[in-house]
Each structure stands twice: as C-alpha cells, then as structure tokens.
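Novice: These protein sequence lines are chains H and U, in that order. Sequential numbering of the first sequence, starting at 1, is according to UniProt numbering. Sequential numbering of the second sequence, starting at 1, is according to UniProt numbering.
In short, the hints are calculated from the structure, not lab data. Check before you lean on any hint, since a few could be wrong.
[As the list claims (entries may be wrong)] Each computed SDA-like pair below joins lysine to any residue, with the alpha-carbon atoms no more than 25 Å apart:
#1 Lys115/H x Arg85/H
#2 Lys133/U x Val73/U
#3 Lys111/U x Leu185/H
#4 Lys202/H x Arg85/H
#5 Lys203/H x Asp155/H
#6 Lys167/H x Gln70/U
#7 Lys203/H x Arg15/U
#8 Lys167/H x Lys174/U
#9 Lys203/U x Thr65/H
#10 Lys167/H x Glu145/H
There are 2 protein chains.
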Amino acid sequence: MREVFQQELREVQDRLVEIAGLVAESIDKATRAFNESDVALAEEVIADDHGIDQAALALDELAITILARQQPVARDLRIVVSALRISASLERMGDMSTHIAQLARYRFPDKVVPKTLRPTFAEMGRLDVEIAKKLTELLTTEDVELAEQIRNEDDEIDALHLQVFDKVLGETWKGEAVDTVDATLASRYHERFADHAVSIAKKVQYLATGDWAPEAP
Amino acid sequence: MREVFQQELREVQDRLVEIAGLVAESIDKATRAFNESDVALAEEVIADDHGIDQAALALDELAITILARQQPVARDLRIVVSALRISASLERMGDMSTHIAQLARYRFPDKVVPKTLRPTFAEMGRLDVEIAKKLTELLTTEDVELAEQIRNEDDEIDALHLQVFDKVLGETWKGEAVDTVDATLASRYHERFADHAVSIAKKVQYLATGDWAPEAP
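All chains should be modelled from the sequences, with the hints used to inform the complete structure.
Specialist: Next up, the structure:
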C-alpha cells in the first residue's frame, strides 16, 4: 500500500511539473506576444489555456482519488492537499498569461504600451518567465533555495509594478486613456502571475522543511 | 464514527457561513467607503481582513484534521475538499474588499471616481453586496436557486465592467490618468469579487445536485 502511495505521489509531482512547464511556455509566449505585438503567438497562448485547465482538473481528480483510496495522514495528507492548491494556482497563472495575450490581440496591429513603458514591461515579462522556469525546477527538485530566488524576483516585479504607476501618473505621461487602461491591467497581470508563483513556492518550502503554519485549536 | 463526521461537517459548514458573513460585511463597508469616500470605514475594512484570513486558515486546518481522522470517501470526501476551495475563494473575496477600500483611502479626501462613473460603481457595489448576502444564504440553505441568481447578477456586473471601459475609452471622458487607473482597478476588483462568488456557488450546486465534473481517466 505504502509503495503504491509513493508511486501515486510521484505521479502527482510529475503532473505538477508538467503543468508548471505548460505555464512557463505560456508566459514566455504571452510576454513575447505582448512585447512584440505578435498576434499569432497571442492566439496560441489563448488556445492553449484550455490544455492547462484540463491538466489541472485531471490532477485534482487524481488527488481526490488518492485521498479516497490511500487515506493518507500527517505529512502525506498535506502533500496531497498542497497539490490541490498548487494546481489551482498554476491554473490561475495560465489565466494571467491568457489575459496578457488578450491585451496584445486587442490592440494589434498597435503595440499595447507606449514606448516609455516598454523597457519596464520587457523586464517584468523577463522576470515572470524566469520565475515560471524556476518554479518548474522547484517542483522537480524541491530545492528550497529556488523558493528564495522566486521571492526575490517577485519583489523586483512589485517594484516595477509601482514604477508603472509612477510613470502613468507622472507629469511626463502623454498616453491616451486606452494606454493608461492597458498599462494598468498589464502591470496587474504580470504582478499577479508572480504572486501565485510565490504562493506555490511557499507551499513547496513548507513541505520540504516541515515548517507548517500552526494547527488551529 | 459516522455521527461524529456529520457533526464535524456541520461545523465546517457553520464556519463557511460565518466567513461568508464576514465577507458580506466587508464588501458592504468597502463599497460604502468607496462610494462615499469614508476613510474611517475603509480603515475598518483593511483592519478586519486579517480576521477573514485567520478564519479561513482555521477552517483549512479543521478540514485537514477531518480528512486525517475520518478518512471520508465519495461524496463526503468531495464536501471536505470543496470546503477547502470555498475557503480559498472567500479569502480572495476579502482581499478584493480590501483593495476597494484601499483605493478609497489612497484618494481621500477626493472621491475615487469622477461623477460620470459614480452611478455605475454604485450599481456594481450594490450587486457585489447582494451577491455576498446570497452566497451566505446559499451556504446556509444549499438552495440552488440562489446559485442561479448569483450567476445572473455576475452577468450584470460583467456588463457594468464593460460599461466602465466604454466610458473611460469614450470621447466624452475627461478624467486624468489617475482617474483612469482607479476606474480600471476598481472595476476589475468589483468584477473579480463576483467571479469568486460564482465559483463558490458552482461548487455548492455540484454538491447539492451530485452533478460533478467527470472523473479523470
């Protein structure tokens, strides 16, 4: 029974890694579509999101089946419950990629953001892609050092998110309302993408170190 | 054993209802703070969010304890897993209230949105409050008719969300960049609040009717 359970847990982990890989691909394409106004790439991201949703749903069903069949307790139980939560966060990360791709598609053939903001978004996109890759690696290796790096890169993204608002609300901003709306939404999506990664990284870190939040009374 | 389990499930349900009640109070105060520029009320919402987070965390721990002790299967297992997901959505709804309250606080003593948009936001706020109340009732009674109503009200909010963009991107828009940013974010928060409610309503409906998504192979 124990051996079957370990095998099933490996299957859960493999699937999480696989979904994280799809998310990494998705944000890579979405940020390229966004920064280069590549509408074909944007369409691809939007079409592929269904695959991420389905993979997350299938993983949830596997986790529930494991709970029913193996009735894990203690740390084993927490691993399966965490998998359910990680899957939900990965699914939302895919949604953020899709939202970024949709902005690129709406404004095509125009670029989504005006020139002055492009370096900021290029950097946010680069960090999101980096974070997604590290997340896939973290889920594969459980090397908690990566969790720390993801948190640091999220801090950098938060700083860039504030920088977007500083520019948009600054005196030199010449953008139209449509540019302001797009910059606001795009910045929020880039920032939320990284937030979900941090939340996943925390769960992996807890599992790896056993450092759980205290039990409720 | 079965009786203890039923009692524990009732405890889970009671706590979900309690958290939904806190969220309903939170969005009621947040939208009033937002529409009336009431900074004291905004502070209250922001301070009270911690209570929602803690209640959701305590509920998660209870659900995990039930999984470990009672080892439920089939429908019972799905109820407990759903409770974990509903708790996560309620926690995010509290975050949306907080974001709306924060916008009111940042702009105080100014109003967050210009005159032309105020009726739209008043209506979005009214619908969010209505949805939160119905959600509390749905969690209490499991009356699936309420789930339908919540979905319909969410459709109304989605239409208002689009209306905000129509106005902001329209030729008559005289707002500054700061107004455009605030309207964009506020509209997104109001809309996301309702989305989470719909996602919870679907879960309750599935549980009440047994109409689950097909199992993964």
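Novice: Each hint should be assessed against the structure and marked as holding or not.
Specialist: Here's how the hints hold up against the structure:
Using a Cα cut-off of 25 Å, the hinted pair Lys115/H and Arg85/H is violated, with the two alpha carbons roughly 38 Å apart. A threshold of 25 Å between alpha carbons decides the hint, and for Lys133/U with Val73/U the separation of about 31 Å lies outside it, so the pair is violated. Restraint check: the Cα-Cα separation between Lys111/U and Leu185/H comes to about 21 Å, which is no more than 25 Å; the hinted pair holds. With a C-alpha separation of about 11 Å, the suggested pair Lys202/H and Arg85/H falls inside the 25 Å cut-off, and the hint holds.
Taken as a hint, the Lys203/H and Asp155/H pair is honoured in the structure, with Cα atoms around 18 Å apart against an allowance of 25 Å. For the proposed pair Lys167/H and Gln70/U, the alpha carbon gap of about 55 Å is over 25 Å, so the pair is violated. A threshold of 25 Å between alpha carbons decides the hint, and for Lys203/H with Arg15/U the separation of about 24 Å falls inside it, so the pair holds. The hinted pair formed by Lys167/H and Lys174/U meets the criterion: a straight-line CA distance of about 19 Å does not exceed 25 Å.
The suggested pairing of Lys203/U with Thr65/H holds, with an alpha-carbon distance near 18 Å, which does not exceed 25 Å. Straight-line distance between C-alpha atoms of Lys167/H and Glu145/H comes to about 34 Å, which puts the hinted pair past the 25 Å bound.
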